[in-house]
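Just so you know, the sequences run in chain order A and B. With our numbering, letter number 51 in the first sequence gets 51, and the count goes up by one each step, no holes. With our numbering, letter number 126 in the second sequence gets 126, and the count goes up by one each step, no holes.
You may find that some hints are simply not true.
Straight-line alpha carbon distances no greater than 20 Å define the calculated DMTMM-like cross-link-like pairs of lysine to aspartate or glutamate that follow [stated by the list, open to error]:
#1 K36/B <-> E13/A
#2 K23/B <-> D150/A
#3 K9/A <-> D41/B
#4 K36/B <-> D152/A
#5 K51/A <-> D45/B
Calculated directly from the structure, the hints in this document are not laboratory data. Computed from a predicted model, the values in this text were never measured in an experiment.
Here is how the chains run, residue by residue.
Number of protein chains: 2
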Amino acid sequence: MLNIPALEKLVHELSRLPGIGPKTAQRLAYYILRAKGDYSDRLVDALTRVKAEVHTCPRCFNYTDADLCKFCTDPHRIDNLLCVVEEPADISRIEASGAFRGRYHVLQGSLSPLEGVGPQDLRIKELMERIDAGLRGEGTSIKEVILALDADLEGDTTVLYLTKQMQGKAVTLTRIAHGVPIGGDIDFIDDRTMGRALENRVEL
Amino acid sequence: MLNIPALEKLVHELSRLPGIGPKTAQRLAYYILRAKGDYSDRLVDALTRVKAEVHTCPRCFNYTDADLCKFCTDPHRIDNLLCVVEEPADISRIEASGAFRGRYHVLQGSLSPLEGVGPQDLRIKELMERIDAGLRGEGTSIKEVILALDADLEGDTTVLYLTKQMQGKAVTLTRIAHGVPIGGDIDFIDDRTMGRALENRVEL
Chain A
1 MLNIPALEKL VHELSRLPGI GPKTAQRLAY YILRAKGDYS DRLVDALTRV
51 KAEVHTCPRC FNYTDADLCK FCTDPHRIDN LLCVVEEPAD ISRIEASGAF
101 RGRYHVLQGS LSPLEGVGPQ DLRIKELMER IDAGLRGEGT SIKEVILALD
151 ADLEGDTTVL YLTKQMQGKA VTLTRIAHGV PIGGDIDFID DRTMGRALEN
201 RVEL
Chain B
1 MLNIPALEKL VHELSRLPGI GPKTAQRLAY YILRAKGDYS DRLVDALTRV
51 KAEVHTCPRC FNYTDADLCK FCTDPHRIDN LLCVVEEPAD ISRIEASGAF
101 RGRYHVLQGS LSPLEGVGPQ DLRIKELMER IDAGLRGEGT SIKEVILALD
151 ADLEGDTTVL YLTKQMQGKA VTLTRIAHGV PIGGDIDFID DRTMGRALEN
201 RVEL
């Protein structure tokens with residue numbers, strides 16, 4: 001770098017972003033320096049506003065700028081259907097499908113013994129409290145919990161853990177289907193996906 | 001997106017960075033939200049410091065946080081050798097080679113009639129003034145100007161334009177060599193590079 005501490009600090013901070021290496025970070029820093037108008041100011045403003053306004057919803061742990069998020073407050077959504085996701089970003093994907101009109105619960109991650117992420121690091125206690133409150137008749141009664149977790153080792157571990165936690169509770173626990181993607185070519189499907197697709201075949 | 005204006009604004013601003021599409025911008029915004037510690041604050045601080053401290057060197061138009069950049073003030077560099085580059089980032093590449101110990105001049109771009117970039121948009125006038133001042137005996141006398149511009153259409157156009165501007169001046173004008181890269185496999189070299197490598201062959 002060019003021996004300019006301020007510029008080196010910016011490159012260092014940018015290179016901490018996911019998928020941004022030191023070379024890309026340097027390119028971004030140069031772009032920010034060269035950008036016409038008040039781009040740098042607007043970026044600072046956007047970062048400051050997000051920090052000041054956006055927080056997690058105390059009920060479902062999605063992001064929101066209000067007391068509760070829009071999915072928790074929407075009166076037109078089905079109360080007794082709860083979809084559990086890993087990250088707030090997953091909600092957009094599920095909403096885009098248009099196939100779910102219930103409420104959400106964001107775990108804020110998935111169990112990973114390898115990376116030292118245990119149940120206490122996720123919003124599992126809060127999920128159980130939501131379900132138990134409904135069973136006690138104190139909160140909204142939940143009939144079905146749909147697990148929409150990633151189809152990887154961490155997702156599978158989390159599904160196993162939650163299944164154990166839910167045992168004995170009068171709540172239906174389901175997991176979204178895994179199989180051949182729509183438009184997917186059978187030729188190119190990996191073994192594990194094909195195995196799951198055969199195992200979970202649907203009667204016509 | 002999740003109907004959170006502050007978050008949408010941050011995604012919009014991030015997606016203006018080069019190589020960052022809307023999906024990546026959303027991922028970066030979520031990372032910034034989730035990041036532990038005061039990452040967002042440190043990013044804001046870095047952006048603010050760069051804006052406050054970093055400016056272009058009034059002599060060579062490289063970035064600096066001092067009155068003149070470190071290449072213009074370094075007493076150990078050769079005064080009468082001037083290397084012309086397009087962007088400040090190019091200087092790092094040339095410095096890393098260790099093969100050049102003269103001064104620099106940053107054009108801040110290259111001529112592109114297609115994108116409406118003309119000579120008045122670049123630091124060409126300032127380059128000519130530096131050379132002319134030396135010829136008049138007022139500034140540092142420059143013996144050789146090395147053009148280290150990109151080997152693309154814009155770079156070639158700029159080389160042609162500068163060659164015309166320098167005609168009749170008692171200064172040697174050179175361009176860095178283009179040819180097969182060191183470690184490059186002859187099999188995989190494109191036609192134009194091979195053409196240039198043959199044309200500019202060096203006697204052994």
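Here is what the structure says about each hint:
no.	hint	verdict
1	K36/B <-> E13/A	13 Å, holds
2	K23/B <-> D150/A	18 Å, holds
3	K9/A <-> D41/B	13 Å, holds
4	K36/B <-> D152/A	24 Å, violated
5	K51/A <-> D45/B	13 Å, holds
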